[in-house]
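Participant: So the chains spell out like this:
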Amino acid sequence: MKLKLLLYSLILAGFHAQAQDYFPKNDGVKTENTNFTILENAKIHVDPNTLIENGMISMRDGKIVEVGKSINVPKNSIKIDLKGKDVYPSFIEIYSDFGMTKPTKASDGNGQPQYNASREGYYWNDHIRPETNALESFSFSKTDAEKFKKNGFGVVNTHQADGIMRGTGMLVSLNTEGSEGDRILKDKSANFLSFDKSVQSNQSYPTSIMGAMALLRQTYLDASWYANGNTQNKDLALEALNRNKNLPQIFKADNLLDELRADKVGDEFGIQYLIFGSGNEFENIAEVKNSKATYIIPLDFPEAYDLENPFMANNVSLQDMKRWNQAPSNLMQLAKNDIPFILTTYNLKDEKKFRENLLKAISYGLDKNKALAALTTSPAKFLGEENKLGVIKQGAWANLLITSGDIFEEETVLYENWIQGQKTVLENMNTANLEGSYKLKVGAETYDLKVSGKPNSPKAEVKLGDKKVNSKLTYSDTWMQLMLSSLDSTKTEFTRLVAKVGDNPSKILGRAILSNGKETSFTATKTADTSEEDKKKEEDKKKDILPVLPVTFPNMAYGFKELPKQQDLLFKNATVWTNTEKGIMQQTDVLIKNGKISGIGSNLNVGSAKVIDATGKHLTAGIIDEHSHLAASAINEAGHNSTAEVSMEDVIDPTDIDIYRDLAGGVTSIQLLHGSANPIGGQSAILKLKWGTAAKDMIYTNSPKFIKFALGENVKQSNWNSTSRFPQTRMGVEQVFTDYFSRARDYETAKKTGNYRKDLEMETLVEILNGERFVSSHSYVQSEINMLMKVAEDFDFRINTFTHILEGYKVADKMKEHGAGASTFSDWWAYKYEVKDAIPYNAAIMHNAGLTVAINSDDGEMSRRLNQEAAKSVKYGDISEEEAWKFVTLNPAKLLHIDNRVGSIAEGKDGDVVLWSGNPLSIYSKAEKTVIEGTVYFDIEKDKQLREEIAQQKNMITGQMLAAKNGGEKTQPASKKEDQRMTCDTLETY
Amino acid sequence: MKNFNIKLLLCSFLLSSIMFSQQTPAPVQNEAVTIVGATAHIGNGKVIENSLIIFENGKLTQVLDATTTKMQYRGTIIKADGKHVYPGIIAPNSTLGLVEIDALRQTDDEDEIGEMLPHINSLPAYNAESQVVESMRPNGVLIGEIVPRGGTISGTSSIVQFDAWNWEDAVLKKETGLHINWPNSFKRGRWWLGEPRGMKANETYQEEVLKLKQFFNNSKAYLAGDQKQENLPFKSMESVFSNGKKVFVHVDGEREIVDVIQFKKDQNLKNLVIIGGYDALNVADQIKAENISILAPRPHSLPNQADDDYDYNYKLPKLLADKGLLVGLETSGSMERMSTRNLPFYAGTVVAHGMDKEQALQMITLNNAKILGIDDRLGSLEVGKDATLFISEGDALDMRTNKLTKAFIKGRVLSLETHQTELYHRYSDKYQKEKTE
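Chains B and V are the protein sequences, given in the same order.
Take the first sequence: its letters are residues 63 to 1052, numbered as in this note's numbering.
Take the second sequence: its letters are residues 136 to 572, numbered as in this note's numbering.
Please note that the accuracy of each hint is not assured.
To be verified - Computed cross-link-like contacts, DSSO-like style, restricted to lysine-lysine with a CA-CA straight-line distance of at most 30 Å:
| id | chain 1 | residue 1 | chain 2 | residue 2 |
| --- | --- | --- | --- | --- |
| 1 | V | K181 | B | K1027 |
| 2 | V | K450 | B | K752 |
| 3 | V | K322 | B | K1016 |
| 4 | V | K181 | B | K988 |
| 5 | B | K956 | V | K570 |
In short, the hints are calculated from the structure, not lab data.
The whole structure should be built from the sequences, with the hints applied where relevant.
Facilitator: Below is the structure:
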């Protein structure tokens, strides 16, 4: 229907524009205009690197015919003199939803989550909509077009911004005089993607970023399976995806971490996305460069916070304050590091900010040529239109900007924006410049008049003698009007002046209407041009750039200015908890060399190692948390009851402050687990808490593979109102496992034949069946623990770890027989029905039964005190201190299959150690140094320094923000951004 | 319907099964007890290395240095050389006994609907047979102030001891304090409506404070009148105005604390306690000048902001005490009921971050007793006070050494067994038997 309407309007529109030559004409005679338009004497910016002084451009039929110093001028030419003016190619907006009708939101349904797709004949997931064609929701919006034109844009790339795969966009000219036939330059210009779900469907999956990533991967796999003709059914979505795979692929990300995630998915399938960035790329420029992607950067900077009220001000984080201070330098950083980028106005709340922010970026050091390329040649190239757009050359569209000078200078005025040869006047370029000082004679009085500001919006200052006269100057279409107030401010009396200003404003003659209603004439005689001094003052004001704070890693409180370096360390005279047969050694030295523990004993050869006096202190292996949800952007993919295809490695957030706090509690490694929403959860990430490094650098090299399973109340969704998903009982939970593993077995059989549809979920399950991936299963009550072991045994594999496992003490013998380990809470219980029999003696009983027992946190607060949680086993169940300490070091290392690298102080192991002020199990002890592979990531003395720096930096930026507010800048109310603190049960609001 | 009934039946069966295994409360003290040789931590900052403690009829009659006294031992003699004696630890601002299992609404009685609820009393809902409550005793936490949580004025708390047949037996002091949740000048973005997460200015803060003031003023006016028309909330405010009932204000922000101080002056409140006071350091002098004491936020909780010191919550009680304030420790927060048994370790944490050990102990004993207005009977090992105390094998503030051998409430010998220790014995025995078979 919409398409028909569009076609109809295309036909109609054809009648009143440069009509297509084969269209019938019934409203008059044919009036084709074949004249040439010649722009002459202009400074022509052909492209960012080519300049023609005093050049000429000829154009006809919306296209450029010739460009050069001296060109052929046919007789039927209309000449326009552009002496003193600059001509640029009009800008290209590569990212917008211009002219799109908003998609219809899906209705709320019955309040229960929707697990199946709403559509038939398409992919199984409603958020995959590559068949969407922007043309079908397009209607040209003249109002919006004018806004773009004002900012200098000539063409806009638009699309329906809805869904994970969003379909194709279209390239539209902003020629408001023409028809759709003229304007639609490309009906399929690019293919668009994002991590955001479609509003047109309530289908649950994916509920998380990692789910969206897995979905993209599976879709690409399925598309090639489909392309090879392996599918019986019709899938219009996959067909479209295959059809559009050679278009430019544009990916909209919402933050820096997501940008890198998008790039990672693309790389896996040989696709280099053009990434819509956040403007925070400067925070990790190395990673951004490493992505090798081109970025689309919105010209949007954060507003200063209003910090006048100190109570409110306390809530703004250093991170948000720094971003305000640093963001204007982002484009300079990208340019400096040769990271290609394209500029966009998308996301800008106020389109007037575009030029303001562009100039700001330039003042922060962005190279002008790179800025011009980012608005012209770069987007043109990506859209495959480099010969038609963004450049002034023969055969290109006559999309031209005429300006009063350098477009990247503040005083420069954009006069005209020509699009496809159609002129739009933004400001009258023939307006005489009124700037200067005048003697203003009105009747008997002589005033001093000073005019400043831009030619088309001048400001007046009027004085009578040394008294200021309030005035208002308006100037348009060569007419000026000046209103003067009476010197006596209690009177509402005005003198009104009006005059037509000729080409030469040195003497202006006009009519004056005095406050008594009498009319007379006035003259304004120019006495001086604006002095250079005044101009310079203005200039200086502009150049007043605030000092930009250095980026830290991460770019927030407690970030490092420079990443700490690995060094050789000798801890002298410590009490060493070895976790080996050597036990707890008194007055012992430990040497860490090249990141490894290389000596334990006395009189060790120091070499070049830094000596740390550890007299009276205790040295231990770093704490390992088997069950953590720190450092993650998402925890649960709750859209399906099995999500083996998702991986926590995809969603590591290296900027979580809890990483630093964990280090301050002596934690060096964690298993970042998927949540417990599904019987079969996602793959784990096993991390070293290398604060300040990139997400990928925290993951263990050759990391053992793990997956999270879950049982009980969470997976049967009994603690929230959801009753539509299988399973709803522990009986069903068993069947979920049996079903998936049966299917995995069949999948493996099919895989061996060579002709099979690659399924990421099944691939993961097959790894489990083959013992290549270990299971850590969230579990509470004895019945379900027993059940899972029996299911595993039926499929001939073993459950590696039961995590939480609060009733493990009831089936410890069975677990021992099965070969499972246990990772439990020290003393949590009674928070739900399935933990009513949880006891703090659990760890002790399981340990005594011969199981490998760890104490875990599942909690950002407890994880930084795991040493104390281990100590509770001494109280509850009389575990020896030496064994209790292993509950949070060696034993979790064993459970994670990393005990060959960490978990004890033994020669050859990683130099992951903690120096404690006293017995590590004591409530009175503090971690003083936390070391990972010989690099000190936490130092209690350094921490003090960092605190001071945080206070100094906040103070400095607060001053800058207050000044910004006083200077009239728009501010935003103080607020505190908060990340969701996550546990197993967190169903994040993605 | 039938189905529903079965479910209900099943449910109540399961629930009631939880309540059966509670330990039998101890009988009243009928014989004197003498503890000799232990290090006595008095609770007021003092220590007696080798002490002699005697109590009779539920009251302490002697607390002496054993090395310098010739006092005759009386009744049962407990030799406690190398052990430590402490006054029973007091948990203020607690919801123990009001909720048994967090996720089960059926067991949840902590939060009544409505805004101004001074007439709501925690005591009738207090479950003296709670398994969570009994699990406090093996760690030395013997006394609690039981507090309702809902509304702006949540209601009235009472103080109980943790070894009783029912709430009437449990109560030590009825209707002790009025609890108010002070409005917040910041509020959390309603992210489920698409607002950004995190805190932003609360536009209605002033209005909310005004409502609270108006309620106080209206109550006063009502009480001054003939009171012909019954008004339970207004009436229940009488003890605040005339008897100086304690007012506990839950408040954290600096601006809010300043407003609370003004409120105290305006309303002429004699006894006001701040619960929380995350930002109280900045206005400590004003707090002190008004004689307001503080129940500091739980040391085992995370700092509010990424920029804050990682150990801010650990050290805050000490920093407040350094300003000359009377500071106690409380336990509210996530998993607050089951974690209240960690209260001694919260005090230990404050020690790790600079506090003197005996002063940290005082924060969970005598200071809490003072703040709750029960220091005439509890909070320290002083003659004339209740014999509510415990013996630990080692330092009770450190989990490694907090091992109770005996505990007493009013001289009664408590069982240190719980639902949890019973399961421990049961399953330890099971495996032991399997081994020997």
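Participant: All hints, please: hold or fail.
Facilitator: Hints versus structure:
For a cut-off of 30 Å, the pair hint linking K181 of chain V to K1027 of chain B is broken: about 56 Å separates their Cα positions. Between the alpha carbons of K450 of chain V and K752 of chain B the distance comes to roughly 26 Å, so the proposed pair stays at or under 30 Å and holds. For a cut-off of 30 Å, the pair hint linking K322 of chain V to K1016 of chain B stands: about 23 Å separates their Cα positions. Our distance criterion of 30 Å between C-alpha atoms is met by K181 of chain V and K988 of chain B, whose separation comes to about 26 Å.
Using a Cα cut-off of 30 Å, the hinted pair K956 of chain B and K570 of chain V holds, with the two alpha carbons roughly 26 Å apart.
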